[in-house]
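Undergrad: Go ahead and model the full structure; you've got the sequences and the hints to work with.
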Amino acid sequence: MERLPLRSLVAASAAVLVCAAAAPGPAQADSATCQTAISVQLQKFKKLSLKAHVKCLRLENIGKITGCTTDCCPDATAQLKIQTARDNATTAIAAACSLADAASLEFPGNCSFEAAASGVEAGCAALPVTTPEQFAQCLECWKGAEVAEFVALLFASHADEFCNGLDETSPVCSDLDCTTPLPVQHNLGDTGENDCQVGIAKAGVKYLLKREKVLEKCALAGGTQAACIVDPTVSVQLGRAADAKDALIKRKCGNRVPMASPPFCCVTGTGQDCTVVTTRTDCTNIMGTVTEGKTCDPMMLKCSPVPGPNKPVTWWEVCPESDTCTTALATLDDLITCVDTSADTIVNEILCLQFRRNAGADWPCPTDVP
Numbered sequence: 003m004e005r006l007p008l009r010s011l012v013a014a015s016a017a018v019l020v021c022a023a024a025a026p027g028p029a030q031a032d033s034a035t036c037q038t039a040i041s042v043q044l045q046k047f048k049k050l051s052l053k054a055h056v057k058c059l060r061l062e063n064i065g066k067i068t069g070c071t072t073d074c075c076p077d078a079t080a081q082l083k084i085q086t087a088r089d090n091a092t093t094a095i096a097a098a099c100s101l102a103d104a105a106s107l108e109f110p111g112n113c114s115f116e117a118a119a120s121g122v123e124a125g126c127a128a129l130p131v132t133t134p135e136q137f138a139q140c141l142e143c144w145k146g147a148e149v150a151e152f153v154a155l156l157f158a159s160h161a162d163e164f165c166n167g168l169d170e171t172s173p174v175c176s177d178l179d180c181t182t183p184l185p186v187q188h189n190l191g192d193t194g195e196n197d198c199q200v201g202i203a204k205a206g207v208k209y210l211l212k213r214e215k216v217l218e219k220c221a222l223a224g225g226t227q228a229a230c231i232v233d234p235t236v237s238v239q240l241g242r243a244a245d246a247k248d249a250l251i252k253r254k255c256g257n258r259v260p261m262a263s264p265p266f267c268c269v270t271g272t273g274q275d276c277t278v279v280t281t282r283t284d285c286t287n288i289m290g291t292v293t294e295g296k297t298c299d300p301m302m303l304k305c306s307p308v309p310g311p312n313k314p315v316t317w318w319e320v321c322p323e324s325d326t327c328t329t330a331l332a333t334l335d336d337l338i339t340c341v342d343t344s345a346d347t348i349v350n351e352i353l354c355l356q357f358r359r360n361a362g363a364d365w366p367c368p369t370d371v372p
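Residue numbering for the sequence shown follows this note's numbering, beginning at 3 and increasing consecutively.
By construction, these hints were calculated from the structure, which means they are not laboratory data. Among the clues, some could well be false.
[Claimed, not checked] Straight line, CA to CA, 25 Å or less: simulated DSS-like cross-link-like pairs of lysine-lysine:
#1 K212 with K252
#2 K254 with K212
#3 K49 with K66
TA: See below:
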C-alpha cells in the first residue's frame with residue numbers, strides 16, 4: 003500500500019495536512035513490522051537450531067546417541083526441534099511480510115543474495131520467492147547455512163562429518179575458508195577435553211547470539227553498522243558479552259592448547275600395555291582401544307599421561323574464518339580470538355542479509371576471500 007500523495011489533501015485543513023505529512027504511511031508501517039518480524043523470528047530460529055546442534059554433538063562425543071556412533075548429528079530429536087523452529091519462523095514472517103513489504107525493504111525478488119556455484123548456498127540461491135512463505139524460507143536457508151558453519155567451527159573434531167565436506171560443495175554448511183590441517187575427526191569421550199570443547203561451543207553460541215541481538219536492536223532503530231559499533235551503549239554490551247565468552251572458555255579449558263592431532267595411546271593388552279601406531283584408525287584396525295590424553299612409551303610399551311601443564315584440545319591450528327589462512331593458533335588465547343573474530347564475521351554476514359536498506363550500504367557484507 004502506497005502513501006497517499008499530499009496534493010490530494012490540499013483541500014484539508016492545515017493541521018490535518020501537517021499530521022498527514024509527519025505520520026508514517028501504511029506502507030512504511032507494514033515495512034517496519036516486517037523488518038522486526040524478520041529479525042525476531044530468525045533470531046529464535048537460530049537460537050533453537052544452535053542449541054539443538056550443540057546438545058546433539060555433546061551427546062555424540064560421549065556415545066549417548068542410541069544406535070549411532072559416528073555421523074550422528076543432527077539426530078531425529080535435533081531435526082524435529084530445528085524443523086519446528088523453522089516452521090514457526092516461516093509462519094510468523096509470512097504473516098508480517100507481504101512481497102511488497104520485502105521489496106520496500108530492498109530485498110531482491112529472488113533468493114540469490116550472493117553468487118554460489120555449488121553446495122548449500124547454491125541451493126539457497128535457487129529457491130523461488132513467489133509467496134511470503136517462500137520469502138521466509140529463503141532467509142531461513144541462508145541463515146541455516148551460516149549457523150551450520152559456526153557449529154562446525156566450534157566442534158572441530160566433528161566438522162567434516164557434520165558438514166559432509168568443508169568446502170563450497172558442502173550440502174549443509176557455508177564453506178570454511180581454512181581447514182588445513184584438518185583436526186582429527188573423532189569422539190572425544192567423557193573427558194576433560196570434551197568438557198573443553200563443549201565449553202568452547204556454549205561460549206561461542208552465547209556470544210554470537212548476544213552480539214547479533216544487540217546489533218539488531220540498533221539496526222532496527224535505524225542505525226548503520228558504522229554507527230552502531232561505536233555507540234557507547236552497544237560497545238559496553240558487546241564488551242560484556244566478549245568477557246563472558248572468554249571467562250567460560252578459560253574455566254572449561256584451563257591451559258589447554260589447540261592441536262589438530264593430539265597424542266593418544268593404543269591399548270592392545272592388559273592394563274596399560276600398548277602398541278605404537280600412527281593414527282587412531284591404525285589402532286582400531288588391530289583391535290586396539292584408543293585412549294585419549296596419553297601416549298605409548300616406545301621403550302616400555304606402556305601408556306603414560308601427556309606431560310606438561312598445557313594439555314591439548316582437538317581443534318583448528320589455523321583459524322578457519324580467515325582472509326589469509328595464515329593465522330596460526332598456538333595458545334588458548336589464540337583459540338578464543340578465533341572464536342571471537344569468526345562469530346563477528348558470521349554476525350556481519352547475517353545482518354547484511356537481513357538489513358538491505360540503502361542498497362546494502364548501511365550493513366555491508368564482509369569480503370573475506372582467502
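Undergrad: Which constraints among the numbered hints does this structure fail? Numbers only, ascending.
TA: Hint check: nothing fails, all pass.
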